[in-house]
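Visitor: Here are the chains, one letter per residue:
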Amino acid sequence: MSHRILIVAEHDGTRLNPSTAKCVTCAAGIPEAEITIIVCAAEAIAVASQAASLKGVSSVLAVEHPANAHLLAATLAPQIAALAGAFSHVLGPSTTFGKDLMPRVAALLDSPQISDIMAIESATRFRRPIYAGNAIVTMEVEAGAKIVGTVRTASYQAAAPGGSAAIEKPTVNAEIPSHTRFISVSAPKSDRPDLQTAARVISGGRALGSAEAFQKTLFGLADRLGAAVGASRAAVDAGYAPNEMQVGQTGRIIAPQLYVAIGISGAIQHLTGIKDARTIVAINKDPEAPIFEVADIGLVGDLFQIVPEIERLIA
Amino acid sequence: MKRILVGIKRVVDYNVRIRVKPDASGIITDGVKLSVNPFDEIALEEALRIRERGVAEEIIVASIGPPDCQQQLRTCLAMGADRALHVEASGLVEPLVAARALLKLIEREQPFLVILGKQGIDDDNSQTGQMLAALWQRPQATFASKVELQGKKARVTREVDAGLETLEVDLPAVITADLRLNEPRYVKLPDIMKAKKKPLETVALSALGVEQRQRLRLMRFEPPPQRQKGIKVKDAAELIVALKNRGILLP
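These protein sequences, in sequence, are chains H and G. Throughout, the working numbering is defined as the position within the first sequence, counted from one, plus 11. Throughout, the working numbering is defined as the position within the second sequence, counted from one, plus 7.
Rather than coming from a laboratory, the hints here were simulated on the basis of the structure. Misleading hints may appear alongside valid ones.
As the list claims (entries may be wrong) - With a straight-line cut-off of 20 Å between C-alpha atoms, the simulated PhoX-like cross-links for lysine-lysine are:
| no. | chain 1 | residue 1 | chain 2 | residue 2 |
| --- | --- | --- | --- | --- |
| 1 | G | LYS239 | H | LYS286 |
| 2 | H | LYS296 | G | LYS251 |
| 3 | G | LYS241 | H | LYS286 |
| 4 | G | LYS239 | G | LYS251 |
| 5 | G | LYS205 | G | LYS9 |
| 6 | H | LYS296 | G | LYS9 |
| 7 | G | LYS251 | G | LYS241 |
| 8 | G | LYS153 | G | LYS241 |
What the hints assert, rightly or not - Below, a sample of chain G positions facing chain H; criterion: calculated Cβ distance under 10 Å:
| no. | residue |
| --- | --- |
| 9 | ALA141 |
| 10 | THR149 |
| 11 | ARG187 |
| 12 | ASN189 |
| 13 | LEU196 |
| 14 | PRO197 |
| 15 | LEU256 |
In this text the structure is predicted, and so the values were computed from the model without any measurement. For glycine and all other residues, C-beta sits at the position ideal for the given N, C-alpha and C.
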């Protein structure tokens with residue numbers, strides 16, 4: 012039996028977020044998957060074309076409406092639910108976009124949701140982390156239920172380009188509420204790679220001691236390595252770094268090739284966010300710090316001497 | 008009366024080291040400390056502050072679960088909630104069932120605001136608030152780090168991957184609390200004594216007219232895969248060599 016999978020695209024109006032291509036890879040693991048991506052936007056064609064070019068995608072639904080200029084859950088959910096009828100699964104990324112939206116879709120469809128899918132065992136059986144990643148549970152959904160899910164993007168590679176799916180513009184019969192209005196988003200501009208998708212991440216903890224020291228110590232090394240900058244929750248709470256840099260259970264869950272934890276003790280909530288990193292390097296003056304239990308390469312010492320030394324050596 | 012409804016969940020305490028049962032049937036909870044879900048404590052704190060500013064008159068705290076969750080409801084009463092509703096249910100309560108139960112309480116209590124934690128730290132689902140908002144056909148503002156009430160509207164700052172997003176929602180609405188919304192107060196001993204006298208009403212889930220559907224089965228629990236033990240290097244130069252050996256830095 013083939014399964015028709017609907018994936019909700021995350022985008023900023025012009026570019027498709029890489030989280031969508033990761034959902035495609037996840038969906039392709041469902042037996043006999045036939046994958047459709049839905050792009051809701053004010054003007055959807057640019058993003059829909061990017062979605063159509065992903066390998067493994069058979070069709071793209073471009074849903075254009077002035078209300079879709081901002082991707083609000085209350086606005087999108089009824090449109091997605093209205094088009095979900097023919098699908099066995101409706102998936103979105105487990106980013107703040109998908110976490111906000113997908114349960115609203117699930118409730119409108121009277122569907123159970125599986126959050127943070129990390130592995131597909133069958134069309135109805137999934138594995139996902141619980142307790143901040145301290146346990147993995149295998150869940151089975153009752154036969155016959157339409158399944159809504161969010162995909163743990165750190166568990167999947169992005170689907171490659173090379174596809175050429177057809178783009179359709181369906182008529183959507185949905186009432187769009189006006190009770191929720193977008194006001195603003197503050198996204199600090201940075202020339203560094205995006206933390207979520209960067210191949211290399213340099214992260215700092217409370218041991219940096221101040222916002223000035225955080226910037227002065229880490230930014231140079233990050234630029235030298237072409238890395239994004241992250242921070243522990245302790246560093247964010249202390250005001251050394253803005254919250255969007257936070258890595259961990261309450262921040263980003265990332266899977267870079269290289270993760271360098273500098274002055275981070277390694278609370279379990281932080282480790283949750285970096286488990287899928289290929290190589291973890293830890294620099295900390297406390298040899299007993301829990302970060303060393305997960306580090307592939309550990310260096311005990313004073314970060315304020317070691318970091319400039321590394322920067323000098325790779326110059 | 009201007010009411011705020013706060014939903015709370017009894018969960019394994021934040022500081023407990025989670026262990027999977029040897030037969031893979033669940034998490035070890037015997038003899039383990041259980042607490043109010045930390046995000047729900049933040050939700051309650053926000054409601055209390057709104058009442059203290061005179062914008063709300065009554066804070067109702069509700070929980071869905073076995074009789075044991077009355078302990079956590081008492082904790083919430085000690086924090087300052089005015090009364091508690093315990094919806095009694097045994098076994099796994101799926102998020103959509105929890106949302107339907109909360110909707111019944113909303114219909115009964117007519118709150119102008121519902122605040123929940125953004126997720127339970129046990130199953131990490133992050134579903135109930137959004138599902139409730141959908142069933143109620145009202146706005147949702149999830150992952151809130153700042154809430155400003157302005158008459159019949161609320162302006163909510165949300166923690167999103169891109170930074171901070173601000174939404175304006177018409178009330179009533181559902182808000183889910185993120186970590187930085189506030190720091191919950193500590194419960195003082197005299198308040199624990201006072202909380203024993205505050206009203207706590209129990210109602211069965213079935214009496215609310217909500218069917219406890221079970222469409223999700225938890226088949227098997229496993230500990231997460233362990234990372235291989237790493238190496239220690241003694242200085243920056245050795246670190247660079249190790250990174251080159253792994254092909255991360257060019258030789």
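Visitor: For each hint, tell me whether it holds in the structure or not.
Guide: We went through each hint and held it up to the structure:
1. G:LYS239 with H:LYS286: 19 Å, holds
2. H:LYS296 with G:LYS251: Distance of about 23 Å is beyond 20 Å: violated.
3. G:LYS241 with H:LYS286: 24 Å, violated
4. G:LYS239 with G:LYS251: Since the Cα atoms of LYS239 of chain G and LYS251 of chain G sit roughly 15 Å apart, the hinted pair holds (cutoff 20 Å).
5. G:LYS205 with G:LYS9: Holds, because 19 Å separates the two Cα atoms, which is no more than 20 Å.
6. H:LYS296 with G:LYS9: 53 Å, violated
7. G:LYS251 with G:LYS241: Holds - the C-alpha atoms of LYS241 of chain G and LYS251 of chain G are around 16 Å apart, at most 20 Å.
8. G:LYS153 with G:LYS241: 45 Å, violated
9. ALA141: 4 Å, holds
10. THR149: Because about 5 Å separates THR149 of chain G from the closest Cβ in chain H, which is inside the 10 Å limit, the hint holds.
11. ARG187: 7 Å, holds
12. ASN189: Not OK, violated: ASN189 of chain G not within 10 Å of chain H, min 13 Å.
13. LEU196: 28 Å, violated
14. PRO197: 30 Å, violated
15. LEU256: 7 Å, holds
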